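Asker: Sequences are here, hints too, so could you generate the full structure?
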Amino acid sequence: MYLLRRVWAELKNEVLVLPSRVLVLVWVLGVLALPLVYADPYVLRILTMTCIFAIFAASWDLLAGYTGQVNFGHALFFGAGAYGSALLSLKLELSPWATIWAGAVLATLAGLLVGYICLRLRGSYLSLATLAFPLIALGLLFAFPDFSGGELGVTGLKRLATGAVGNYYLAALSMLVIVFALWLLADSKFGIVLHAIRDDEVAARASGINTPRYKVAVFAVSGAAAGFSGALFAHYLRVAGPSTLETALSFQVVIWGIFGGVATIYGAVAAVFLLYPLTEWLGSFKAFGELRLLIFAVIVLIVLLFMPRGLAPWVRDKIEAQCPRCKQRNAAWKKTCRLCGVRLKTQIAGAESLVGHQ
Amino acid sequence: MLQDILVTGLVNGGVYALLAIGFSLIFGVARIVNIAHTAFYMLAAYCFYALLTQVGLGFALSAVLSIAAITALSLLCYRLVIEPVREHESAVLIATIALGLIFQELMLRAYGGSYLGVPSTIDGTMRLFGVSIAYQRLLILGVAALMLLATWFFLYRTRTGLAIRATANDLEVANLMGMNVHRVAMVTVAVSVGLAAIAGVVVTPVTPVHPQMWLEPLVTMLAIVVLGGIGSLKGSLIGALIIAYVEAITVFALPAGAYLKGAVALLIMVFVLLARPEGLFGVAFEEER
Numbered sequence: 001m002y003l004l005r006r007v008w009a010e011l012k013n014e015v016l017v018l019p020s021r022v023l024v025l026v027w028v029l030g031v032l033a034l035p036l037v038y039a040d041p042y043v044l045r046i047l048t049m050t051c052i053f054a055i056f057a058a059s060w061d062l063l064a065g066y067t068g069q070v071n072f073g074h075a076l077f078f079g080a081g082a083y084g085s086a087l088l089s090l091k092l093e094l095s096p097w098a099t100i101w102a103g104a105v106l107a108t109l110a111g112l113l114v115g116y117i118c119l120r121l122r123g124s125y126l127s128l129a130t131l132a133f134p135l136i137a138l139g140l141l142f143a144f145p146d147f148s149g150g151e152l153g154v155t156g157l158k159r160l161a162t163g164a165v166g167n168y169y170l171a172a173l174s175m176l177v178i179v180f181a182l183w184l185l186a187d188s189k190f191g192i193v194l195h196a197i198r199d200d201e202v203a204a205r206a207s208g209i210n211t212p213r214y215k216v217a218v219f220a221v222s223g224a225a226a227g228f229s230g231a232l233f234a235h236y237l238r239v240a241g242p243s244t245l246e247t248a249l250s251f252q253v254v255i256w257g258i259f260g261g262v263a264t265i266y267g268a269v270a271a272v273f274l275l276y277p278l279t280e281w282l283g284s285f286k287a288f289g290e291l292r293l294l295i296f297a298v299i300v301l302i303v304l305l306f307m308p309r310g311l312a313p314w315v316r317d318k319i320e321a322q323c324p325r326c327k328q329r330n331a332a333w334k335k336t337c338r339l340c341g342v343r344l345k346t347q348i349a350g351a352e353s354l355v356g357h358q
Numbered sequence: 001m002l003q004d005i006l007v008t009g010l011v012n013g014g015v016y017a018l019l020a021i022g023f024s025l026i027f028g029v030a031r032i033v034n035i036a037h038t039a040f041y042m043l044a045a046y047c048f049y050a051l052l053t054q055v056g057l058g059f060a061l062s063a064v065l066s067i068a069a070i071t072a073l074s075l076l077c078y079r080l081v082i083e084p085v086r087e088h089e090s091a092v093l094i095a096t097i098a099l100g101l102i103f104q105e106l107m108l109r110a111y112g113g114s115y116l117g118v119p120s121t122i123d124g125t126m127r128l129f130g131v132s133i134a135y136q137r138l139l140i141l142g143v144a145a146l147m148l149l150a151t152w153f154f155l156y157r158t159r160t161g162l163a164i165r166a167t168a169n170d171l172e173v174a175n176l177m178g179m180n181v182h183r184v185a186m187v188t189v190a191v192s193v194g195l196a197a198i199a200g201v202v203v204t205p206v207t208p209v210h211p212q213m214w215l216e217p218l219v220t221m222l223a224i225v226v227l228g229g230i231g232s233l234k235g236s237l238i239g240a241l242i243i244a245y246v247e248a249i250t251v252f253a254l255p256a257g258a259y260l261k262g263a264v265a266l267l268i269m270v271f272v273l274l275a276r277p278e279g280l281f282g283v284a285f286e287e288e289r
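These protein sequence lines map, in sequence, to chains A and B. Position one of the first sequence corresponds to residue 1 (our numbering), numbered consecutively onward. Position one of the second sequence corresponds to residue 1 (our numbering), numbered consecutively onward.
There may be inaccurate statements among the hints.
What the hints assert, rightly or not - From chain A, some residues computed to sit far from chain B (all C-beta separations above 12 Å):
1) Met-1
2) Leu-3
3) Tyr-169
4) Val-193
Stated by the list, open to error - Coverage of chain B stretches by chain A, computed from C-beta distances (three or more under 8 Å per stretch; other residues unrestricted):
5) 27-37
6) 92-104
7) 273-280
Bear in mind the hints are in silico, worked out from the structure with no lab data behind them. On a predicted model such as this, the values are computed, not experimentally measured, just so you know. Cβ coordinates follow ideal geometry from the N, Cα and C atoms, glycine included.
Answerer: So this is what it looks like as structure tokens:
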């Protein structure tokens, strides 16, 4: 009983006071409750893929958004996870429950390697150089078709769970756990250091932070999460093909990450949850059938013209305001700050138009 | 085989250099990582194909028309899509990716995914040092060399070129010195995409035209630009030749080389970057803070 009261108090004081947290709560409950309400296999299939890609996009955001190492070759980790897990489970006949972790470990190693190589690169050089890594891997896979299956990929994998609902819950629970773990990590001291590295690496180093270690570490963490999603993807579709390493996938995750708003984690997840089902749904119409990618690109372009900083920051700024004194966030319709009581909006006539154009 | 390598490397190097220099220019002046750069190359190839085989204009006329049309299109895209979000670097980045995807899908819609071909401009081959070279390839090489010379002349011997280089060097100071940086950016976009369109038109007779044809040169071009140093024209030219020769050697000398050519070229790039993070001819300047 005490525990229940405690949970309720936490909920009332920490979650329900902010509209963005309420949104997250509703989303989590929705993700968990969906199969109980509406268990259409087609919808579940799309949402399973959405969950897998949400892990992938969140891992990209941790790397690119927080440290500013905009990775154009994130598909390398996805592919490493997919191929690693697929080959191990097929050649050694291990259970997929074990090989998924092995795939994640392989992707972590790939992350360490890429992170180490890219330590001296920055900015656009890093972005363009990272684009090369998945293609190098792809070239190697095509050069040894007996081992990798060439164009067809590794086929005939076992699924992790039977039934659409089982697979959905597997993907959804992994997504929730990993995304929350990444979000906690990004919110911790580690995340603050990453922010510092992006904003000013020299200053961070001067403050006694071992920036190379952090930069490699974040590559490894991000690679691990992306590899896990890749392994889930391979076992869900029962095939690990070259499409998991393609440039198109790397670009896709860049679009998701930036569309949602960088350095937020939840932005990337929100972008996947909006864009992926939307394009699949539009693609299911006969008239649009072939136009899926076109619609996707046009939507992204148009939304971007209105929200150049991304979707999540735009929404957050609409529904919440920052207290000028204690920097805590408040619901936009509140008159006084919920923590320090200072007045949120000091209206001076015409002041908006004066400071608006900076 | 040696002659094959020499000729293929030179011809591909010329085309790559056209693409890479355009990309490098636009990055230097406007700080735009233009992923859609090779999509314009693909569009030019399609436009040339349509004018030549469907409308039935002559080679020269369709070439000039398609280059002009694609350049105009690029200016339109710049004004409508890139300019409004110029201040947000990441937004510009995915805007160009989205543009590339849109062009790819539009062409897929209009012409289908099949490989289209254009008859060669001039038939026949000539023998040079015991290796037969198609005139078509010589034409590509000639056009590429001419265009590189013209670009060099434009950048280093005209007032507009001086303005472009000054803007690339320091945008704010160039602005303070009274240069119209917006117009400079427009001119740069036009020149850069114009070069890509020329590359697209000249390679059409030897390369199949299809909606995905922009992805492969895109990666090669990015590798070249990074290898040579972003913003350095000399670097782009030399990088293009290096990558083209590495590819040619891989294709002709290694088993399964056709699959590995991209991988080997990219590995070379990674190794160069390990030794010189700013590329061969890039300038390591302090970060803006």
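Asker: Tell me the numbers of any earlier hints that the structure contravenes, in ascending order.
Answerer: none
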